[in-house]
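Q: First to last, the sequence lines map onto chains A and B.
Take the first sequence: its position 54, counting from 1, is numbered 54 in the numbering used here, and each next residue is one higher.
Take the second sequence: its position 280, counting from 1, is numbered 280 in the numbering used here, and each next residue is one higher.
Some hints could be false.
Unchecked claim - Derived CB-CB ranges, DEER-like:
| hint | chain 1 | residue 1 | chain 2 | residue 2 | range |
| --- | --- | --- | --- | --- | --- |
| 1 | A | ASN373 | B | ASP91 | 54 to 62 angstroms |
| 2 | B | ASN296 | A | ASN373 | 41 to 49 angstroms |
| 3 | B | TYR322 | A | GLY275 | 58 to 66 angstroms |
| 4 | A | GLY403 | B | THR165 | 28 to 36 angstroms |
| 5 | A | GLU361 | B | LYS285 | 35 to 43 angstroms |
| 6 | B | LYS66 | A | GLY275 | 56 to 64 angstroms |
| 7 | B | TYR322 | A | GLY306 | 48 to 56 angstroms |
| 8 | B | ILE5 | A | SER161 | 33 to 41 angstroms |
| 9 | B | PHE283 | A | GLY381 | 39 to 47 angstroms |
| 10 | A | SER161 | B | PHE283 | 34 to 42 angstroms |
| 11 | B | MET19 | A | LYS51 | 52 to 60 angstroms |
| 12 | A | THR37 | B | GLU312 | 42 to 50 angstroms |
| 13 | A | GLU361 | B | ASN191 | 49 to 57 angstroms |
| 14 | A | GLY381 | B | ASN296 | 24 to 32 angstroms |
What the hints assert, rightly or not - Per the computed footprint, the stretches of chain A lying under chain B, defined by three or more beta-carbons under 8 angstroms from a beta-carbon of chain B, are:
| hint | region |
| --- | --- |
| 15 | 101 to 114 |
| 16 | 157 to 163 |
| 17 | 456 to 467 |
| 18 | 539 to 545 |
Because the hints were derived from the structure by calculation, they are not lab data.
We put the CB at the ideal spot given by N, CA and C, even for glycine.
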Amino acid sequence: MGTNITTFTAFNTARLGIYASQTALNVTGNNISNVNTRGYTRQHLDQVSLKTGGRGRYNSIYNINVGQGVLSVGIGQMRDPYLDIRYRDENANVGYNDAKLGGLEELASFLDEVALNDGDGVLEAQLNDFYTQLEVLSRDENVGIEAYDNIVRSSANVLTSLLRKYAQDLKTVKSNQENYLDQEIKNVNTMLDQLAAMNDSIMKAETRGDPALELKDQRNLLLDELSQYVDIKVEYEPVDIGSGLTVDKLKVSIDGTSTLLVDGKYKTQLSQTAGSTNYDLELSGLVSYKDASDVHATQGGVVALGDTTLHGSIQAIREILTEAGEFSTAAAISADPDAASKRGIPYYQNMLDSLARKFAEVFNDANTGYKQNSKGEYLDGTGTVITIPAGTTDVDAYLAGNGGVKMGGNLFSNANDSDDATGITAENITVSKSWTSGDVRIVSTFKTGATGEFDSSQNDNIDQMLILFKGKQDYKATEVVSGAQNTSVFFSGSFQDFLTNMDAVLANDIKSTSALLTTYDTSLTDIASSREAVSSVDLNDETINMMTYQKSYQAACRLMTTVDEMLDKLINNTGTVGR
Amino acid sequence: MNFRITTSSVMRNYKSKLMNSYNNLYKAQEKVLTQRQFNSYAEDPASATQAFKLRRIYSSSNDQLKNVNSLINKFESAWTSVGEVSKLVSDSANDIMLRGTNEPDASARKALGQALDANAEAIIQTLNTRYGDTYIFAGTDGRNTPFSWGASGELLYRGINVNDTNADVQKQLQEMCDGAIYVDVGSGISNNADGSLNTATAFDSSISGLSILGFGVDADGDPQNIVSMIKELAAIYGRCDSGTGEYASKADSDAASRLLGKLQEGHADIVNEYTALDGDAQFLKTTQSRLSTYINTVNEQIIAVEDCDLAEATTEFEWAKYCYQAALQAGQTVISQSLLDYI
Chain A
1 MGTNITTFTA
11 FNTARLGIYA
21 SQTALNVTGN
31 NISNVNTRGY
41 TRQHLDQVSL
51 KTGGRGRYNS
61 IYNINVGQGV
71 LSVGIGQMRD
81 PYLDIRYRDE
91 NANVGYNDAK
101 LGGLEELASF
111 LDEVALNDGD
121 GVLEAQLNDF
131 YTQLEVLSRD
141 ENVGIEAYDN
151 IVRSSANVLT
161 SLLRKYAQDL
171 KTVKSNQENY
181 LDQEIKNVNT
191 MLDQLAAMND
201 SIMKAETRGD
211 PALELKDQRN
221 LLLDELSQYV
231 DIKVEYEPVD
241 IGSGLTVDKL
251 KVSIDGTSTL
261 LVDGKYKTQL
271 SQTAGSTNYD
281 LELSGLVSYK
291 DASDVHATQG
301 GVVALGDTTL
311 HGSIQAIREI
321 LTEAGEFSTA
331 AAISADPDAA
341 SKRGIPYYQN
351 MLDSLARKFA
361 EVFNDANTGY
371 KQNSKGEYLD
381 GTGTVITIPA
391 GTTDVDAYLA
401 GNGGVKMGGN
411 LFSNANDSDD
421 ATGITAENIT
431 VSKSWTSGDV
441 RIVSTFKTGA
451 TGEFDSSQND
461 NIDQMLILFK
471 GKQDYKATEV
481 VSGAQNTSVF
491 FSGSFQDFLT
501 NMDAVLANDI
511 KSTSALLTTY
521 DTSLTDIASS
531 REAVSSVDLN
541 DETINMMTYQ
551 KSYQAACRLM
561 TTVDEMLDKL
571 INNTGTVGR
Chain B
1 MNFRITTSSV
11 MRNYKSKLMN
21 SYNNLYKAQE
31 KVLTQRQFNS
41 YAEDPASATQ
51 AFKLRRIYSS
61 SNDQLKNVNS
71 LINKFESAWT
81 SVGEVSKLVS
91 DSANDIMLRG
101 TNEPDASARK
111 ALGQALDANA
121 EAIIQTLNTR
131 YGDTYIFAGT
141 DGRNTPFSWG
151 ASGELLYRGI
161 NVNDTNADVQ
171 KQLQEMCDGA
181 IYVDVGSGIS
191 NNADGSLNTA
201 TAFDSSISGL
211 SILGFGVDAD
221 GDPQNIVSMI
231 KELAAIYGRC
241 DSGTGEYASK
251 ADSDAASRLL
261 GKLQEGHADI
271 VNEYTALDGD
281 AQFLKTTQSR
291 LSTYINTVNE
301 QIIAVEDCDL
311 AEATTEFEWA
321 KYCYQAALQA
331 GQTVISQSLL
341 DYI
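All chains, full assembly: derive it from the sequences and hints.
A: So this is what it looks like as structure tokens:
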């Protein structure tokens with residue numbers, strides 16, 4: 001029959017109602033206590049209405065099938081997986097730009113001269129000072145007087161020591177960034193380890209019927225954190241555990257590739273490729289986190305990572321350490337087509353080297369030459385004019401072999417105990433040994449005067465040095481990096497223009513990275529807010545829930561009291577006639 | 001769309017907006033404290049680049065001004081010296097006219113000869129004057145004394161007899177007169193296309209005493225150098241009879257009158273040189289004034305680029321402070337309240 005009226009069903013219904021309200025209140029209490037827990041996703045009780053009645057033998061027009069209460073079937077989490085994906089993508093951008101900005105600002109802490117020295121800058125001011133001392137030396141009353149030459153030399157000394165200091169500073173930045181990279185890699189590896197362990201625990205718990213919600217929250221937090229180091233793709237793959245049941249297995253791979261980082265209990269480790277000078281990274285084979293001999297079926301071997309595979313803070317630090325902008329070699333550009341427009345520490349090191357090299361070259365050339373008469377004709381030791389054959393390309397070589405009188409010498413060299421000017425860099429530039437000892441002085445003129453001797457206050461070579469200092473020089477990347485792909489002039493300007501250009505490039509990079517970071521960060525905050533709108537605990541919500549479940553508890557209790565009184569009436573006060 | 005605002009998202013947003021507000025306050029404060037528009041290159045790359053360029057110009061303009069100041073001193077000394085030389089020459093000419101050519105004073109001719117000798121010496125000493133360590137009138141050879149007397153009493157300029165008739169020597173002397181020392185005085189010192197100095201972009205600071213006095217010998221065989229002329233006149237009058245003052249010979253007498261005329265012409269030339277020097281000095285003074293004004297202008301430009309308007313900066317700071325206070329107060333009302341407080 002279709003009707004099921006039993007005496008004590010209502011008790012059961014009330015009991016189930018009390019139980020459900022009790023459980024729901026517990027869930028609400030859990031939510032409230034976890035309102036400040038990082039990464040906590042609000043939980044809710046899943047309830048279904050209980051119906052145990054079967055079919056009657058016959059269909060009846062009197063059909064009353066009442067439900068038998070509420071069943072709590074499980075506790076679920078409110079989470080939007082799509083928002084998680086968006087969050088992690090954006091977090092990779094934030095991580096990248098944040099690390100890049102950090103590296104660039106560390107560079108700027110050494111190279112930025114604005115507001116220093118009352119606004120005159122440091123290297124800028126010293127270049128100005130060198131020029132000033134040359135101007136002083138060029139006055140006819142000072143030409144040839146050693147004291148003034150010494151002052152120019154002092155200024156040059158300070159200038160070269162500043163360049164060396166800057167080169168050293170950049171090396172410090174490089175070493176700091178290397179440590180930072182090591183640290184980041186360690187962090188990533190720790191996280192990969194933890195993820196694999198957590199995957200294993202969660203899968204085991206789920207297999208036994210425990211939804212492991214708290215563990216999942218922690219895992220999500222780890223994934224969020226990992227996404228800032230590496231741009232990851234998170235997938236859940238159902239795994240058959242028998243009897244038609246499946247549980248989800250987490251797979252983390254590098255976004256844009258099929259390279260796995262974590263696959264269930266299997267994890268890889270990130271490391272720098274041994275012997276690489278380019279900070280190349282590689283992933284070890286996927287192995288179980290518990291047992292290194294348990295190797296993954298498809299990705300058991302080492303995977304070398306390309307230049308642009310990772311995208312996140314690790315990528316940014318690598319770029320800071322390796323990118324050389326205009327000085328990029330052909331190999332670098334083939335590995336990363338954008339290499340010529342990315343500028344990291346090597347770029348700034350090469351720029352300083354370019355400046356030092358060019359400065360030394362220009363002044364060394366200007367201070368070395370052969371004796372001439374006032375008409376510009378070269379003279380030999382006896383004062384006879386040397387005729388240069390037409391079409392001679394290397395005049396200096398011809399003069400050297402045909403009695404030309406060499407004058408002057410290098411002012412700058414690559415070591416303070418030599419005059420050798422080959423391979424000058426910002427790290428080794430120094431005032432030459434001969435200039436320091438006074439054997440070489442700034443040559444005021446190469447041309448003899450009317451008497452055939454040098455006029456004592458003739459300054460035309462110093463004037464030339466003044467013009468060269470302010471004049472345009474052409475800079476080519478191949479002068480400093482012999483394998484650079486760009487062989488044309490990448491900058492044409494005076495020494496100070498070059499320095500300002502370098503500073504401006506850095507400043508613009510910082511400005512744009514900062515703007516990008518702000519944009520991505522704002523976007524990330526928006527996504528985080530959206531995520532929290534779905535997943536986070538709201539005290540108002542929970543308070544209302546609390547009130548609701550309290551009332552329903554009271555109602556269920558009242559139902560029980562009512563049924564109790566009814567049955568009491570039935571059992572104790574019914575059919576007592578004649579007792 | 002109904003958006004669920006949760007407690008933690010309110011906290012997160014509040015934290016980040018409050019941090020923004022505090023950041024703005026900090027930036028405004030930095031401006032007021034440093035009185036600069038920007039304190040790092042990245043804050044305003046264009047202005048920072050411009051500021052450094054202006055400072056370079058400021059520095060090199062100051063260098064040029066110092067060059068000019070030093071040159072003005074030199075040229076003023078030169079001008080004074082040439083004035084003295086001019087006076088000595090005109091005194092000589094007057095003396096000759098008064099006591100030499102005038103018959104009644106014939107007996108004073110021998111004494112005149114001595115006086116003229118002394119004048120010649122004085123002129124040379126004046127032209128050997130120094131400014132610091134440099135001989136002003138030595139042209140391009142400022143460390144060495146320009147004028148000296150040879151063994152036979154001939155005048156030497158940088159060791160060469162100024163009256164030497166040899167064509168090569170004449171060329172040498174001319175080269176000495178033409179020699180130039182170019183100094184940067186803010187005319188944009190630069191080279192020609194062939195790499196030689198563009199002389200229009202620098203100031204020739206060399207002064208050759210030989211140009212002032214002249215050199216060589218004219219068609220009559222007389223020296224063109226004024227001091228040589230005076231010396232020769234001194235010799236002529238020195239040979240006059242000490243008693244009667246008679247010329248030693250007709251040739252002497254003719255030479256005396258001839259040389260006097262040439263001396264007076266020569267004096268006119270000196271006056272021209274004097275005027276030319278004055279012109280140079282005036283040019284330097286004008287340049288000095290122009291550079292000073294220019295330096296002030298550049299300084300003002302630097303201030304305009306780098307420094308902030310203090311009134312504006314203070315107002316910005318006060319506003320940022322006010323916004324920050326408002327943010328703090330807003331936080332108190334939004335964060336702590338929830339339904340839990342009311343049940």
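Q: Would you pick out the hints that fail for this structure and give their numbers low to high?
A: Hint check: 1, 8, 13, 14 and 16 fail, others pass.
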